[in-house]
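K.L.:
Could you put the whole structure together from the sequences, leaning on the hints where they help?
As they're listed, the protein sequences go chains A and B.
Counting in my numbering, the final residue of the first sequence is number 488, and the numbers go up one at a time with none missing.
Counting in my numbering, the final residue of the second sequence is number 95, and the numbers go up one at a time with none missing.
There may be inaccurate statements among the hints.
In silico lysine-lysine, DSS-like type, Cα no more than 27 angstroms apart, as pairs [to be verified]:
hint	chain 1	residue 1	chain 2	residue 2
1	B	K66	A	K88
2	B	K10	A	K88
3	A	K136	B	K66
Partial pick of chain A residues on the chain B-facing surface, computed with a CB cut under 8 angstroms [what the hints assert, rightly or not]:
hint	residue
4	E32
5	L51
6	F142
Worth flagging that the hints you see were computed from the coordinates, not collected in a lab.
Think of the CB as a built atom: it goes at the ideal place given N, C-alpha and C, for glycine as much as any other residue.
In case you want the letters, here they are:
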Amino acid sequence: MTWEIVIGLEVHTQLSTNTKIFSGASTAFGAEPNTQADAVSIALPGVLPVLNKGAVERAIKFGLAVGAHIAPRSVFARKNYFYPDLPKGYQISQFDLPVVGQGTLTIQVEPLSGNAKPYEKTVRITRAHLEEDAGKSMHGDFHGMTGIDLNRAGTPLLEIVSEPDMCSAAEAVAYAKALHSLVRWIGICDGNMQEGSFRCDVNVSVRKPGQPLGTRREIKNLNSFKFMQQAIDYEVQWQIDTIEGGGKVQQATILFNPDTGETRAMRSKEDAHDYRYFPDPDLLPLEISEEWKEQVRATLPELPQAKQARYVNDLGLSAYDASMLTASREMADFFDSTRMHLDTENDIDNPKLCANWIIGEVTAQLNREELDITQCPIKAYQLSELLAYVAKGRISNSGAKEVFRTMWTEGGDADSIIVRKALEQISDSGAIEAIVDEIIATNADKVAEYRSGKDKLFGFFVGLAMKASKGKANPAQLNDVLKRKLAG
Amino acid sequence: MSLTTADVRKVARLARLAMNDAEIETARAQLSGIFDLIAEMQAVDTGGIAPMSHAQDVAQRLREDKVTETNQREAFQAIAPQVEAGLYLVPQVIE
Numbered sequence: 001m002t003w004e005i006v007i008g009l010e011v012h013t014q015l016s017t018n019t020k021i022f023s024g025a026s027t028a029f030g031a032e033p034n035t036q037a038d039a040v041s042i043a044l045p046g047v048l049p050v051l052n053k054g055a056v057e058r059a060i061k062f063g064l065a066v067g068a069h070i071a072p073r074s075v076f077a078r079k080n081y082f083y084p085d086l087p088k089g090y091q092i093s094q095f096d097l098p099v100v101g102q103g104t105l106t107i108q109v110e111p112l113s114g115n116a117k118p119y120e121k122t123v124r125i126t127r128a129h130l131e132e133d134a135g136k137s138m139h140g141d142f143h144g145m146t147g148i149d150l151n152r153a154g155t156p157l158l159e160i161v162s163e164p165d166m167c168s169a170a171e172a173v174a175y176a177k178a179l180h181s182l183v184r185w186i187g188i189c190d191g192n193m194q195e196g197s198f199r200c201d202v203n204v205s206v207r208k209p210g211q212p213l214g215t216r217r218e219i220k221n222l223n224s225f226k227f228m229q230q231a232i233d234y235e236v237q238w239q240i241d242t243i244e245g246g247g248k249v250q251q252a253t254i255l256f257n258p259d260t261g262e263t264r265a266m267r268s269k270e271d272a273h274d275y276r277y278f279p280d281p282d283l284l285p286l287e288i289s290e291e292w293k294e295q296v297r298a299t300l301p302e303l304p305q306a307k308q309a310r311y312v313n314d315l316g317l318s319a320y321d322a323s324m325l326t327a328s329r330e331m332a333d334f335f336d337s338t339r340m341h342l343d344t345e346n347d348i349d350n351p352k353l354c355a356n357w358i359i360g361e362v363t364a365q366l367n368r369e370e371l372d373i374t375q376c377p378i379k380a381y382q383l384s385e386l387l388a389y390v391a392k393g394r395i396s397n398s399g400a401k402e403v404f405r406t407m408w409t410e411g412g413d414a415d416s417i418i419v420r421k422a423l424e425q426i427s428d429s430g431a432i433e434a435i436v437d438e439i440i441a442t443n444a445d446k447v448a449e450y451r452s453g454k455d456k457l458f459g460f461f462v463g464l465a466m467k468a469s470k471g472k473a474n475p476a477q478l479n480d481v482l483k484r485k486l487a488g
Numbered sequence: 001m002s003l004t005t006a007d008v009r010k011v012a013r014l015a016r017l018a019m020n021d022a023e024i025e026t027a028r029a030q031l032s033g034i035f036d037l038i039a040e041m042q043a044v045d046t047g048g049i050a051p052m053s054h055a056q057d058v059a060q061r062l063r064e065d066k067v068t069e070t071n072q073r074e075a076f077q078a079i080a081p082q083v084e085a086g087l088y089l090v091p092q093v094i095e
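P.N.:
Quick look at the structure:
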């Protein structure tokens, strides 16, 4: 029995504006409760919303980045429901005329299991619309009451809705990660998942191949990629078990509990989907001129996809390396900066060397210490200096790793670390020849064996020579000299 | 178009309005009257006329993304029924 998994995502990204979507109250995170809840945020009678230009600009940026149609005219609508963290009794959102229309996002999927190879997939984005965030409910010790903090109420959100194009947890996570990287790349959202700046709702259903879509359940508010994967895996199994056990999946909104790894249905709210949308009479249609759109387009940085293609075509990197280096804009900046320094200051054009070190040593060390590239203690110019010495053969690869570790923990520049630790590679042919001569003289029996055909002994001589040079002999040169002298 | 009392009850519940039978019937008649009015307007042939949202041809005015509001929590909370630790307190909400 095989089942097909169908997944679509709705992602709420908090836009990185200074102020709320409909008022001039600050959106800074972490303020004392309700100190950023102005008259509009708390919905005092008589207040009117005034749309934030910065929020619209960010929505346009996103639309352009995913190749979507930007609506020349879009409309704000009221979504009506009652909840204490929504003091107006309705959320201002967009319904049938969203600001961003259909677009696409191409993702690199790394299968989670087996030996399956990474592959590329294009996910269709249905739409993206502007709306306001709600406040927060605190269920602390308030004499059986609930505390309401409306600082977050009115924070601009861009809700990005995908088509149900993903068919595994791996694809859903890859899409969410690509989207997360993109919104940070174009600077419209800080992407801080812990603080709720990037929240994912995942719609999951299962079906037999060729059958119509199954009934979906929506997992709400996932704020980590790990939880997303766990939640989908659990939910898919639950739906399959339910159907195979003769049951039926009921449409529901569900929550994922990270402690138990299980999903559970939220209290099903009667009429929950009867939001009675209608155009907000307080807001006129939003008009976006061609001119404004082009102004915003001019502010977009080179997008990850374009950069990836350039790395492959112009720099000769592999598709894998290119995708690793464009995982975030900061990562790509670090790579570009390292490469440029190496080129301009040392006249060494070697993108592959930079890529290898950044994807290898740098990333591994960052992961070990749970840092991101912006927190890397070694700056791009420092790394480029080290790589210049590697490229010129001044130090061996293992020597370079030692310099790297020292630089990481103690700081300093490559040159002084190499001198201080005496890591300079011996590339002086006279010195290497002297070492080899000495070894040949003191190991006459082995030399005789080698010469009578025991080729395997070559490694033995290399070992001795390396030891004699304290690991500093230039390996390529040493090999040459050894081969020549041993041949007799 | 004529609404049923069931329609009105549903809308009343969604709007959290407590209404007795007599009120439901009054509201039903009034709302049906509004729908009749809408039906009359919809009968007008508007083919080829773009919808408009304002009598004058104006679009949404935009605000620069600058903080203009200051903290007025104390003033706002002075008229709230119950507050604690800077929070507005409301009857418990259970997910």
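K.L.:
Honestly, which of those hints from before does the structure not fit?
P.N.:
Structure breaks no hint.
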